[in-house]
Structures are given as C-alpha cells and as structure tokens.
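Position chain B relative to chain Z; hints supplied.
Protein chains: 2
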Amino acid sequence: MASKLLHRLIRDRLGDVAHLFENPSAAPPICLTKNGSPYQVEAKKGATQDSLITGIIENAFKQMDDLIEKEKASYSISGGCCALAAVHLMGKLYVANAGDSRAIIVRNNEIIPMSSEFTPETERQRLQYLGFLKPELLGNEFTHIEFPRRIQHKELGKKMLFRDHTMTGWAYKTIVEDDLKFPLIYGEGKKARVMATIGVTRGLGDHDLKVYNSNIHIKPFLSCCPEVKVYELAGHKHGPDDVLIMGTDGLWDVTTDKDVAEAVTSFLSCCDPNDPMRYTLAAQELLMRSRGVLKERGWRLPNERLGSGDDITVFVIPLAGAEMET
Amino acid sequence: MASKLLHRLIRDRLGDVAHLFENPSAAPPICLTKNGSPYQVEAKKGATQDSLITGIIENAFKQMDDLIEKEKASYSISGGCCALAAVHLMGKLYVANAGDSRAIIVRNNEIIPMSSEFTPETERQRLQYLGFLKPELLGNEFTHIEFPRRIQHKELGKKMLFRDHTMTGWAYKTIVEDDLKFPLIYGEGKKARVMATIGVTRGLGDHDLKVYNSNIHIKPFLSCCPEVKVYELAGHKHGPDDVLIMGTDGLWDVTTDKDVAEAVTSFLSCCDPNDPMRYTLAAQELLMRSRGVLKERGWRLPNERLGSGDDITVFVIPLAGAEMET
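First to last, the sequence lines map onto chains Z and B.
With the UniProt record's numbering, letter number 314 in the first sequence gets 314, and the count goes up by one each step, no holes.
With the UniProt record's numbering, letter number 167 in the second sequence gets 167, and the count goes up by one each step, no holes.
In isolation and in its complexed conformation, chain Z is listed as follows (with noise of 0.2 Å):
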C-alpha cells in the first residue's frame, strides 16, 4: 500500500513538470504561474533536469512521511520501514534511498553501488548534532557525546576517549558526571543502535517510536529524506545478465555485494535466455541463499554461519533495452 502510494506521488509531481521537459537541453524556468507554466523565461544556472526530478524524489519522500503520520492519527497503524526507489525516466535510472537497504548494478561483472546506507554509525554526526542543538530531545537520559563504552561512575575524573559531533578522529576528555549518561549512539557495526532503540536512521513512518519505557521520541533523530543517485542508462550498452538487484538488508546482512552479483551472473548463465521468469527466479534464488536452510540450530547457511532472520525482499531487473525507453 505504501509503494504504492509513494509511486504515484512520485509520478504526479513529475506529471506536474514533465511539459518542462520537452527541450532537454533547457534549464528549467525560475517561476512557474500557478497554473505551472513558465513565467518567466529566466533560468536558474545549476539547476538541470536532474536536480529538479532529484528534487521531486526528495519531496514525494517527505509527503510519503508526512500522509503516514496523518493515517496513523486516523486508523492508529505504527511503524516504520525503510524505503528504496528507482526511477526509470528520459535514458536514465534514479535511485532513492532512505534506510538500510542497497541498490547494485551488476554490468559485464562490474559492481556499481547505487546507494548507501543511513545507520546509526554512517549518520552519528547528523545525530549528535541534533542532540547538541536540542537537548530537550535526548530527555536527560542520554548524552550527544559518543563513548567508546558506557562509562563507570568510579571512573570521574579519568580520561576517556570521545567524539563530538564535529569530530571525525577521536581524542581524550575528562570524565564528568554528564558523560556518565547513556550514549545517543551505542554499539558498534550492526548493534549500533540510536538511544539504545534503533538501527537505522532513515526512512518513513515511526511517528509513535518511543525509547523503552519512556517518554522520549525517537522520530526526530530519524529522517525520511532519500540520496538520489543517478546512473546513465544511455551511456553504456547492456547484455541480458546486466541488472539492477534492489534488496532490503535481510539481503545484504548475510551476503556480500559480490557474493550477490556472482550468485546473480551464475543463475541467469544457466537459465534459458528466453525464459521471461529468468529475472524473477534469480531474485528467489538470492534470497534463498540469505535465508538458509533450517536446521536443528535454526536457519543456517552452507557455511553454517546463521541465515538473515529479518525481511528480505529483493528485485532483479534487467537493464537491455531500457537505454532508449522514455
């Protein structure tokens, strides 16, 4: 419901503007009339049709954001999730993401990243800045400032390693009683969590998430705002096994951007070519592959390490022939 919905937002802000994108080679205009003709014919020099349909992602992201808060007031659903698009429009594909999931593309065996992941660790500065700025926030159970560790009250007056939110090295400060809060961003690699609640830092919905047993908001550390990146499908040419794989991190926890794109370039090898479900079977096959084999010990992988026990959906889609599609 909610793809499906932040589809068609997507599509009817681009329906908005798309008669702007008749000459191509035009900036699009300043001002629009209210009716959403130019004007005035003056241009803003920067501004291309790729930053303005990167913007209209941005936008459709945040009234994504802002629809769910009001449904949830109506129909009191919670939760949150995160959320990555692609856009295929004028030769060129846009990848939005907000959250933890990853978007690849394999092209002849090469990896191109087309996302990156927003997780406690990636975002602690945006974080703690907030928490500098707005204390209120952290509701006098949390410190902006990152420890190593949690700190010990014998320990006042020591020397501990820190990071502030303007620091990316680390340096020592004397232990106060401040310090001995709890740290805005704890653990380390995919135990990070934000005030000991959360592992991912953007995405859409979790307007009620509250820090255990109390009366602190989490929403405001969490951002709805996608990073769009852009790959030129009419710049290269593509082969049938060139793909775009679209996985949640249930994916991605347990198996490797080059484990997926070998596993990915092998399946479809030994497909037929002209099998229309080649696509579809090499999406379950990867996620087979993450989810494992149940065991006496759990779902476990080949090399017995334990398979992906959060969501996992994934997508494989072929780029041949969409380099002239509009």
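A partial selection of chain B residues facing chain Z, derived with a Cβ cut-off under 8 Å:
{"id": "1", "residue": "Val17"}
{"id": "2", "residue": "Ile30"}
{"id": "3", "residue": "Tyr39"}
{"id": "4", "residue": "Ile53"}
{"id": "5", "residue": "Gly55"}
{"id": "6", "residue": "Gly157"}
{"id": "7", "residue": "Lys159"}
{"id": "8", "residue": "Met167"}
{"id": "9", "residue": "Thr168"}
{"id": "10", "residue": "Trp170"}
{"id": "11", "residue": "Ala171"}
DSSO-like cross-link-like pairs, simulated, lysine-lysine; straight-line CA separation at most 30 Å:
{"id": "12", "chain 1": "B", "residue 1": "Lys70", "chain 2": "Z", "residue 2": "Lys134"}
{"id": "13", "chain 1": "Z", "residue 1": "Lys62", "chain 2": "B", "residue 2": "Lys181"}
{"id": "14", "chain 1": "B", "residue 1": "Lys70", "chain 2": "B", "residue 2": "Lys34"}
No lab work stands behind these hints, which were simulated from the structure alone.
In this text, all values refer to a predicted model and were calculated from it rather than measured experimentally.
Even for Gly, the Cβ is constructed at its ideal location relative to N, Cα and C.
Okay, now just chain B, sitting in the frame of chain Z:
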C-alpha cells in the same frame, strides 16, 4: 600570534599522548588515568593513531576559538580568520583546514588536493539545518530556504524553485508570505554570502560579527572545526621539486591548482638546486603572479583580468627528505 598559539595548542595536546605512540601498531587505550597513563588495557577498535591525531587537531581548533573569545572579552579585539595547518608526524602529513584556504601537494607533476573549501555553497545544508532547527537565529529577517533569487511580493501564490536543508535537488514550492524574507544563503560562487554578510563558513574568531544594521549574530553559523586530511609521506619517494603548497583564498581566487602547480614546478626547475631560498622564492613568485601589476585601472594579471585584491599568504614546503623524520 594566533598561529603560534594554535601551533602550541596542537603541540601540547600531542605531547600529552605521545607516550601512547611508542607502539605504532597498537590501538590507543579507551581510558587513561588522571596522569595520562593507560587505565585499562582495553583498546577501541577503529580508534587508530591517525584518528587520535585527527581528534587532537580538531579539538585544538576548538580550544583556539574559545581562547580567541576570551581574549576578545579582555582586549576587545574583533575579527576572524580562516585557519590552515599542516602537522608532520611519524611519516605522515596531517593537513587541517577550516575556511576557504587551500592546500595541494605537487608530486612528480601530479596534483593531490589536501583540503576542501568551506563556503556558503559547500556548506549550504549544514547552515540551512541550523536555521531550520533554531529559527530564532535568523531574527525574523531571513528564511533558511534557498531560492534562486529574491522573491517579489507580486509573486505570492506562484511556484518557485527552492532547496531545503534535506535536498540536493531543486523542486517547486508555492510562494507564501514567509518566503519573501531574505534567504540565509544568497548569491552564487564568490558572491555567495551567509545572511548577506560573510562568504566563508569556517574559521576562527568573528564572535562579534553581526548582520549589518541588525542584532543578528553570524557566529552560530560559522564552524571552527577543521577537516583533516592525511598524506602518507613514507609511502612515496619525493624529489626536490615535490612540495606542499598552502595558500589563502587570495591566491586561489585568480589562479587554478594547475597554474599554481605549473608555476612552482617551472620556477623550481630554473633555480640552483642548492639555493636554500628556492622554496621561499617560489612562494613569492606565486604571490606576485596572483597580485598582478599595478596599472591605471588597478592591479592586473598578464591577461588583463583583475589581480587578487584579497590577502595572499603562501607557503611552499619541500617534501623530500621528510619521509624518514618523525
């Protein structure tokens, strides 16, 4: 004076932890006792010597800015400056930049950028985010939203290109009363200004700077935090013409990286290789090239373009022989 004090702050803080660097492969300990010796043997994975030196330099800039504020109160000295510092330590070069100065390494005719500039354009999203979170800093005269140009009253209700703090692209929004305020960031390129006042967004000092004819402070939008880049001296063989070039914006405004590199390389190749003054003379050559020649119509470059009217400070620092020093 200020540069000597910054130098001392960095040196003193490095001195505090120098004993931790005796074993270069060991990670710095998480916690130190009050006298600075390791409190526990536990080490922070990810906290390397590089990140500790980076953290120390980052904090020294902050301390320096705090000191300037204190001095200002005692001696009523106003003003501010960008800061660019290079630290040579244990086979590496750490270059820290806060502002629009620039450092490049020229090695075997290749240009290696050692800094990024911090201007209203490069830092737009950070500035807008602060204006969004703390609108009181904008004094009811500015809007944190960026528009391509000042909006006229008669355009109310029309649609204008805009960018908000979460966006990298442009989109259209319907103009409302609040959008008639002056944009926080206005102008393009060299003319971009924060609240129509300052064209650089990081540096030291400027605690008293206000928007002309108002009581709106600029300092909250300026950051004193440098970006630190690391260069492995030990990993390369340097000839006598391989140099680190550090210069203020007055140099780079009128001369490109490539022109600066070529000018230095060609100047050095004409010098007596045993002349101890050759690097100083190369710096002087750069300065004079960017200043130009005084003609009837002001300082002019050979191509008749205006010479730089800004302060120009240049260092040309040889890299040869530094690989082994500590």
